[in-house]
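Enquirer: Okay, here's what each chain looks like letter by letter:
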Amino acid sequence: MLTKVLSAAHSGLDTIPIEVEVSISKKGFPGFNIIGLPNKAIDEAKERVKTALTNSGIEFPQAKIIVNLAPADIPKEGSNYDLPIAIGILTALEGVPETKRRAFFYGELSLDGSLRHTKGVFLLALAAKRLKIKDIFVPEESANEAAVVRGVDVYPVKTLKDLTNHLVGTEKIKPLKNQNNIKTELEQAVEFDFAEIIGQEQAKRALTIAAAGGHNIFMQGPPGSGKTMLARALAGILPPLEEEESLEVTKIYSLTGNIPPGGSLILTRPFRVSHHTTSRIGLIGGGSNPHPGEISLAHNGVLFLDEFPEFSRSTLEALRQPMEDGKVSITRAAGSMNFPAEFMLVAAANPCPCGYLGDPKRECKCSPRMIMRYQAKLSGPLMDRIDLHINVPAVDIEKLIPQKGKIKKPVNSKVIRERVETARKIQSKRFKGTGVFTNARMKNKQIKEFVKIKKEALLLLKQAVNSYNLSARTYFRLIKVAQTVADLESSPSILPNHVAEVLQYRIRVES
Amino acid sequence: MKQKNYQKGKTGEDIAASYLQGIGFKIIEKNFSTRFGEIDLITVKNNCLVFVEVKLRVGEEFGTPEELINKRKISQVRRMAEMFLLKNKKMANTYQSQRIDAVAIVVSQNYEVERINHYENIGI
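Heads up: the protein sequence lines correspond to chains A and B, in order. The first sequence runs contiguously to residue 511 in this note's numbering. The second sequence runs contiguously to residue 124 in this note's numbering.
Isolated chain B, as found in the complex (with noise of 0.2 Å):
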């Protein structure tokens, strides 16, 4: 089970990477993770960081991905995302505006996207 469920969020960070390229972002890294949490993807557009949340599901059935997107969620982005500017300082220095993305995806069975939608800056 743990398996499959690391495996659904690769391809959810796999759709959401090349899709995010598609409309003009620069990812600079996939699944930044430490000990405690990690970041789905961090990418750059218009001289601004992005952090990015992505979130799939497979049917909508029992819930949308939006949902399990709460206030819980966005601030362990947060603190995952002042780690990682502790980490990279020259990040920090090189992009002064930064913000949190958010990448809800629904694929269907076969895993052929029915929906991708992208939330810019969440962070509350």
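Just chain A, with the same shape it has in the complex (with noise of 0.2 Å):
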């Protein structure tokens, strides 16, 4: 007895529809079989299967099975083939019937005969729209992240049993409502409001703009200035996602299993932060059977490289590509891949390995050899593609212990955020419909269609680029910054002043 069940699997961020063949023969010696490429996750497929069905009241059959995941040359991976294998099984030896219309099975079975949270259903859903296959079997745990696609029936499954009773009929599961309305929010607790943090008003203004046109920025400063307190405040401050970007983020999420059981669409924008001893494959993605590493996971959001000339040499070069592309393309034995990789990157360093070169108060330790090698790290490319350079300096003792009537009391992040939101606003309307979102993201084609700038202020940055020497590239990178800090004026157009605030943040690359 033969049957086919439908079930997907996920190579980068496309998703290929698999039949899996399960064939019964009561002749011949009793076995279980599984083929087609499978990884270990899914050669244990057996076991889980095997002993969810005995679980579920269903004798396991004492006969030759075999399962053939087609297409056969693709190498399959992950756990999502148990439900339709077991319900292959199920269809070729109890007469569960087939559902009447194609639909797809997706899922991990428990040994008890329940349904686990899955990665990828979100992909799955969208392979359904695309393939116009009406109906998906997901468990219910993950069920949410498919409900968001449209004109998809998404069946949510609790347990094995329930499912064979909706396919027999005798108790119908109930597809979910088309939903909209749930939303995730990522799990990333602010730490710091900006108000907490005293000072360090030039700080604070550069990470404003950073924020509101998703610029690339460097901290520089001596140890305990604050400057990984600033950047965690600026979680606080990014808008949240659009609904285009949030489909994008959601796929990844989906795909890597970050997505908690009964999360949906991400609304949170992603701000990813890595250690330094973060791996190049872990940071850029890669590995045998690609993978999206962390700039992936901050696609749209914010990714935060502390002790930046801490990470390895290669590690920070090979951010180069992405850094311009918005996307990483990894290619292996197995395939080549597209991530996305439009993250806004945060980078905090200290100038010198003692961290005090250039302090007022404190003596720099560090022999000029050694702060050449720590300064070498960060290479003349790598730094030409971050638009705000800002110094941190140590906060001043007196500023901290609050004097009477003396303290400003600073703004806080609810207040930041919205003049933020406020500038992507503007950004959105002004992009909408080319696939651009943040001035940072804008291609020279764009620039000309919508930069509009001041003859005094053109003339101002003119003389910048040729007093200091600026590559092509910072000069449409100084554009693009200048179009942010008018924006959260809400200045139709560049002026003078704007162009003169960003040209202060780029004194790093010309000392």
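Fair warning: there could be bad hints in the mix.
Unchecked claim - Simulated crosslink set (DSS-like; lysine-lysine; CA at most 25 Å straight-line):
1) A/K443 / A/K462
2) A/K129 / A/K119
3) A/K129 / A/K158
4) B/K87 / A/K50
5) A/K445 / A/K327
6) A/K327 / A/K177
7) A/K432 / A/K443
8) A/K46 / B/K71
9) A/K4 / A/K40
10) B/K73 / A/K27
11) B/K73 / A/K40
12) B/K71 / A/K27
13) B/K89 / B/K45
14) B/K71 / A/K64
15) A/K26 / B/K73
16) A/K425 / A/K414
17) A/K177 / A/K158
18) B/K73 / A/K50
19) B/K73 / B/K8
20) A/K50 / A/K27
21) A/K26 / B/K71
22) B/K4 / A/K46
23) B/K87 / B/K30
24) A/K161 / A/K50
25) A/K399 / A/K409
26) A/K432 / A/K454
27) B/K89 / A/K27
28) B/K30 / B/K10
29) B/K45 / B/K30
30) A/K50 / A/K4
31) B/K26 / A/K27
32) A/K443 / A/K454
33) A/K432 / A/K409
34) A/K429 / A/K414
35) A/K64 / B/K73
36) A/K4 / A/K46
37) A/K134 / A/K174
38) B/K71 / A/K40
39) A/K4 / A/K100
40) B/K45 / A/K26
If you're looking for bench data, these hints aren't it; they were derived computationally from the structure. Please read all numbers here as calculations on a predicted model, not as lab measurements.
Since each chain comes alone in its own frame, lean on the hints to assemble the complex.
Expert: Structure (structure tokens):
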């Protein structure tokens, strides 16, 4: 007896339909074999399916069972084939009827016969829509992910038993209503409010600009001056994701299994923090079967790299191309894959190994050679791609201890966030339909089309380019940041003072 | 314990032998063993030399006898079969075709046969 059940495999962000063929023959020596290039997780599906069926009150057959995952030449991984295999066996054996229309079955089984949260359900729903497959059967805990896709009936399956009852017709599972109201906030506790950070007005201003336009930012300062604190406070002023952006982020998070059970569309802008021991593959993505790295998980959000020069050289240099293109293509023997990576880089570093170079109060203990070696880690091409360079000096102790009437209440994150959101609204209105969301992602074409710059401002910019020998890339980047500054003030065109402000954030490259 | 297992194996072989004889097998040798391993039954049917692995279980609560016949066990039987053919050149010449079968037996606590299954040609 042969049955065919439809499931899916993910290759990068693409989804390929996989036919799960189950053949059961009573003749021959009993056994259970899975073929079609399964990996270890799929091979172990044998034991899960066997036990789950037994624990659902179905006697596992003494028969020769062969499961083929077709097309047979694509390597498959993941635990999502448990459900289609189990259903295939049930159909072949117990006469559980097949679905009237073609349907996707997808999910990992627990030993007790219930279904577990499985990654990639959102991608499956998108594929179902593309392939015009109306019904998908997925674990209940993952069903919300799929429910945001319109035009697909999502059946939340709690246990194997429920699904057999549904297929037999004794007790129907109700498809989930299309839900747009379930939103998932990523758990990223905003640890600091901008109001808690005393002083550092320049850094706060620069971070506001960075958040408003999605620009890369580099902070340098002695230990304890508040670089890390500032970066973490940045998470609190990021605007929520736009609908289109949210879809892309959800795709990546669904693929990597980062959506919590019951979760759905991700609306919070990702804020990823990577430690400096992160490997190149962990950061960029890769592996023999390519997986997205941190830069893709930070897509449409922020990637914060603290202790920037401590990262290995090759890791940092590998950031260059994705920073420019907003995507990363990974080519391995298994194939080539593209992952989006439009992230905003926030980097923090000390000026030298001891940390006190240029500090007015403490002496730097490093030899010139040590300083050179430390700073050489931050290569020119990499720093050239960072628009905002700021110094975060040590905070004056007088400012930390409140004195009567002297302390001015600093602006809190909520106010700054509103400013950022206004600036982003102006941008999204401007770029509507172009696929660009922020000023930082403008291509030269869009700069020509959208940016209005006052004559005097352009003159100032030209002067700066000539006297500092700025590169063509820097020139365009300056315009983009100036545009963000103009947007923050809701100014229709770039004025000279906008350019002037932007130029002061460029000091580092030229010094 | 060892003694008990041996006894159990012997019982299994006897049950299997009488069952196979009942369906037309001719028993040539029981428990052919060398220092490398053993074959439970060597039989002949339709001019084909059949090496039989017998597995007996008391009750099926802790798994079926079939589960215990895995690739490793089969390849061991195959190796022993080759050894038998080397030792008995005459036998090898008489029977050109050979195969490996399995007999799974489940008995109750007091050794009453609950089921007996015979699988032909399990060699991979």
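Enquirer: The structure should be examined with respect to each hint, and the outcome stated for every one.
Expert: Taking the hints in turn, this is what the structure says about them:
1. Taking the CA atoms of A/K443 and A/K462, the gap is near 20 Å; set against the 25 Å cutoff, the hint holds.
2. Restraint check: the Cα-Cα separation between A/K129 and A/K119 comes to about 18 Å, which is no more than 25 Å; the hinted pair holds.
3. This hinted pair checks out: A/K129 and A/K158 have alpha carbons roughly 23 Å apart, not beyond 25 Å.
4. Taking the CA atoms of B/K87 and A/K50, the gap is near 42 Å; set against the 25 Å cutoff, the hint is violated.
5. As the CA atoms of A/K445 and A/K327 are separated by approximately 19 Å, the hinted pair is consistent with the 25 Å bound.
6. A C-alpha spacing of about 34 Å is found between A/K327 and A/K177, which places the hinted pair above 25 Å, so the restraint is violated.
7. Between A/K432 and A/K443 the CA atoms are separated by roughly 14 Å; this keeps the pair inside 25 Å, and the hint holds.
8. Of the pairs offered as hints, the one joining A/K46 and B/K71 holds, with about 16 Å between alpha carbons and a cut-off of 25 Å not exceeded.
9. For the hint pairing A/K4 with A/K40, the CA-to-CA distance comes to about 22 Å; that is within 25 Å, so the pair holds.
10. Of the supplied pair hints, the one linking B/K73 and A/K27 holds, its CA atoms being roughly 20 Å apart against a limit of 25 Å.
11. Between B/K73 and A/K40, the direct Cα distance comes to roughly 22 Å. Compliance with the 25 Å bound is thereby established for this hinted pair.
12. Of the supplied pair hints, the one linking B/K71 and A/K27 holds, its CA atoms being roughly 18 Å apart against a limit of 25 Å.
13. Proposed proximity of B/K89 and B/K45 is supported: the alpha carbons are some 19 Å apart, at most 25 Å.
14. Pair hint B/K71 plus A/K64 holds up; C-alpha atoms about 14 Å apart against a cutoff of 25 Å.
15. Restraint check for A/K26 and B/K73: satisfied, since their Cα atoms lie roughly 22 Å apart, inside the 25 Å limit.
16. As the CA atoms of A/K425 and A/K414 are separated by approximately 16 Å, the hinted pair is consistent with the 25 Å bound.
17. For the proposed pair A/K177 and A/K158, the alpha carbon gap of about 17 Å is at most 25 Å, so the pair holds.
18. The suggested pairing of B/K73 with A/K50 holds, with an alpha-carbon distance near 22 Å, which does not exceed 25 Å.
19. For the given pair, B/K73 sits about 18 Å from B/K8 by alpha-carbon distance, which is consistent with the 25 Å threshold.
20. Restraint check for A/K50 and A/K27: the C-alpha separation of about 19 Å stays at or below 25 Å, so the hint holds.
21. For the proposed pair A/K26 and B/K71, the alpha carbon gap of about 19 Å is at most 25 Å, so the pair holds.
22. Among the hinted pairs, B/K4 with A/K46 is inconsistent with the structure: their alpha-carbon atoms are about 33 Å apart, more than 25 Å.
23. Our distance criterion of 25 Å between C-alpha atoms is met by B/K87 and B/K30, whose separation comes to about 16 Å.
24. For the given pair, A/K161 sits about 14 Å from A/K50 by alpha-carbon distance, which is consistent with the 25 Å threshold.
25. Proximity of A/K399 to A/K409 is assessed by CA-CA distance (about 12 Å); at most 25 Å being required, the pair is judged to hold.
26. Proposed proximity of A/K432 and A/K454 is supported: the alpha carbons are some 24 Å apart, at most 25 Å.
27. Between B/K89 and A/K27 the alpha-carbon distance is near 33 Å, which puts this suggested pair outside the 25 Å criterion.
28. Distance restraint check for B/K30 and B/K10: the Cα-Cα separation of roughly 10 Å lies within the 25 Å cut-off, and the hinted pair is therefore satisfied.
29. At roughly 15 Å between alpha-carbon atoms, B/K45 and B/K30 fall within 25 Å of each other, so this suggested pair holds.
30. Restraint check for A/K50 and A/K4: the C-alpha separation of about 18 Å stays at or below 25 Å, so the hint holds.
31. Of the supplied pair hints, the one linking B/K26 and A/K27 holds, its CA atoms being roughly 23 Å apart against a limit of 25 Å.
32. Distance check on the hinted pair: A/K443 and A/K454 sit about 20 Å apart at the alpha-carbon level, within 25 Å; holds.
33. For the given pair, A/K432 sits about 38 Å from A/K409 by alpha-carbon distance, which is inconsistent with the 25 Å threshold.
34. Only pairs whose Cα atoms come within 25 Å are accepted, and A/K429 paired with A/K414 is accepted, the gap being roughly 23 Å.
35. Distance hint between A/K64 and B/K73 is fulfilled; the C-alpha atoms sit about 18 Å from each other, no more than 25 Å.
36. Among the hinted pairs, A/K4 with A/K46 is consistent with the structure: their alpha-carbon atoms are about 17 Å apart, no more than 25 Å.
37. Proposed proximity of A/K134 and A/K174 is supported: the alpha carbons are some 14 Å apart, at most 25 Å.
38. Under the criterion of a C-alpha separation no larger than 25 Å, the hint pairing B/K71 with A/K40 is consistent with the structure, at around 18 Å.
39. A C-alpha spacing of about 13 Å is found between A/K4 and A/K100, which places the hinted pair at or below 25 Å, so the restraint holds.
40. A threshold of 25 Å between alpha carbons decides the hint, and for B/K45 with A/K26 the separation of about 23 Å falls inside it, so the pair holds.
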